[in-house]
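Novice: Sequence:
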Amino acid sequence: MKSMNSRVDFHAFRLTPKSDLRKSILEFAKTHNIKAGAIVTCVGSLEQFHIRFANKEKGSIQKGFFEIVSLTGTFSDSSCHLHIALADPDGKTTGGHLLDDNLIYTTVELVVAELFDLEFKRELDKTYGFPELVVTSKK
25 MKSMNSRVDF HAFRLTPKSD LRKSILEFAK THNIKAGAIV TCVGSLEQFH IRFANKEKGS
85 IQKGFFEIVS LTGTFSDSSC HLHIALADPD GKTTGGHLLD DNLIYTTVEL VVAELFDLEF
145 KRELDKTYGF PELVVTSKK
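Just so you know, our numbering puts the end of the sequence shown at 163, numbered straight through with nothing missing.
It is possible that part of the hints are untrue.
[Unchecked claim] Heads up, simulated EDC-like pairs for lysine to aspartate or glutamate below, C-alpha to C-alpha not over 16 Å straight-line:
#: 1; residue 1: Lys162; residue 2: Asp141
#: 2; residue 1: Lys145; residue 2: Asp101
#: 3; residue 1: Lys47; residue 2: Asp125
#: 4; residue 1: Lys54; residue 2: Glu143
#: 5; residue 1: Lys163; residue 2: Glu143
#: 6; residue 1: Lys87; residue 2: Asp44
#: 7; residue 1: Lys163; residue 2: Asp141
#: 8; residue 1: Lys162; residue 2: Glu143
#: 9; residue 1: Lys59; residue 2: Asp141
#: 10; residue 1: Lys47; residue 2: Glu133
#: 11; residue 1: Lys59; residue 2: Glu138
#: 12; residue 1: Lys59; residue 2: Asp33
#: 13; residue 1: Lys54; residue 2: Glu138
#: 14; residue 1: Lys59; residue 2: Glu143
#: 15; residue 1: Lys59; residue 2: Asp101
#: 16; residue 1: Lys47; residue 2: Asp101
#: 17; residue 1: Lys59; residue 2: Glu147
#: 18; residue 1: Lys42; residue 2: Asp125
#: 19; residue 1: Lys116; residue 2: Glu91
#: 20; residue 1: Lys162; residue 2: Glu138
#: 21; residue 1: Lys42; residue 2: Asp124
#: 22; residue 1: Lys42; residue 2: Glu133
#: 23; residue 1: Lys82; residue 2: Asp124
#: 24; residue 1: Lys82; residue 2: Asp125
#: 25; residue 1: Lys145; residue 2: Glu156
#: 26; residue 1: Lys26; residue 2: Glu143
#: 27; residue 1: Lys87; residue 2: Asp124
#: 28; residue 1: Lys87; residue 2: Asp112
#: 29; residue 1: Lys87; residue 2: Asp125
Hints listed in this document are in silico derivations from the structure and should not be mistaken for laboratory results.
Using the sequences and the hints, build the whole thing.
Specialist: Pasting the structure below:
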């Protein structure tokens with residue numbers, strides 16, 4: 025296993041109701057030309073989630089009110105791989121791979137890390153057929 029070091033900077037921002045969580049993160053990365061980023065922390069709520077569970081081909085959409093209890097993953101200005109955990113009003117949790125159409129209910133507060141010296145790309149891994157992370161030094 026090979027690792028790479030990088031200088032890091034942090035960005036903090038808030039997303040507003042009806043925004044799409046995944047699309048907003050990608051838009052932020054594009055606007056700020058982030059080539060390698062990671063979620064540091066996230067709190068907030070959704071009125072609709074769209075996630076894909078492990079080893080499933082299609083996502084699952086559910087409407088209601090959900091607290092974000094965790095969001096983790098990596099992203100760049102061209103792609104992301106994010107996992108989310110959510111709690112319903114009774115405290116039941118679910119989680120999976122974040123897809124588009126996760127609509128913010130009240131707010132989402134995000135802190136993200138930008139790794140200046142690295143670039144995150146995705147290349148098809150033939151083992152399972154998914155585009156997987158490739159980390160390189162930024163040119």
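Novice: Given the hint that Lys87 pairs with Asp124, does the C-alpha gap stay at or below 16 Å?
Specialist: Judged against 16 Å, a Cα distance of about 14 Å means the pair holds.
Novice: Within a Cα-Cα threshold of 16 Å, do Lys82 and Asp124 meet the stated pairing?
Specialist: holds (12 Å)
Novice: Is Lys145 close enough to Glu156, meaning Cα to Cα at most 16 Å?
Specialist: holds (8 Å)
Novice: Given the proposed pairing of Lys59 with Glu138, does the C-alpha separation stay at or below 16 Å?
Specialist: holds (8 Å)
Novice: Quickly compare the C-alpha distance for Lys162 and Glu143 to 16 Å and report which way the hint goes.
Specialist: Holds, because 5 Å separates the two Cα atoms, which is no more than 16 Å.
Novice: Please verify whether Lys59 and Glu147 have alpha carbons no more than 16 Å apart.
Specialist: The hint holds at about 15 Å.
Novice: Verify the proposed pairing of Lys42 with Glu133, using a straight-line Cα cut of 16 Å.
Specialist: holds (14 Å)
Novice: Regarding the pair Lys54 and Glu143, is the alpha-carbon distance no greater than 16 Å?
Specialist: holds (13 Å)
Novice: What's the verdict on Lys87 and Asp112, does the C-alpha distance respect the 16 Å limit or exceed it?
Specialist: holds (10 Å)
Novice: Please work out if Lys47 and Asp101 have their alpha carbons no farther apart than 16 Å.
Specialist: holds (11 Å)
Novice: Holds or violated: Lys59 with Asp141, Cα cutoff 16 Å?
Specialist: The hint holds at about 9 Å.
Novice: Under the criterion that the straight-line Cα-Cα distance not exceed 16 Å, is the pair Lys145, Asp101 satisfied?
Specialist: holds (10 Å)
The structure shown violates none of the earlier numbered hints.
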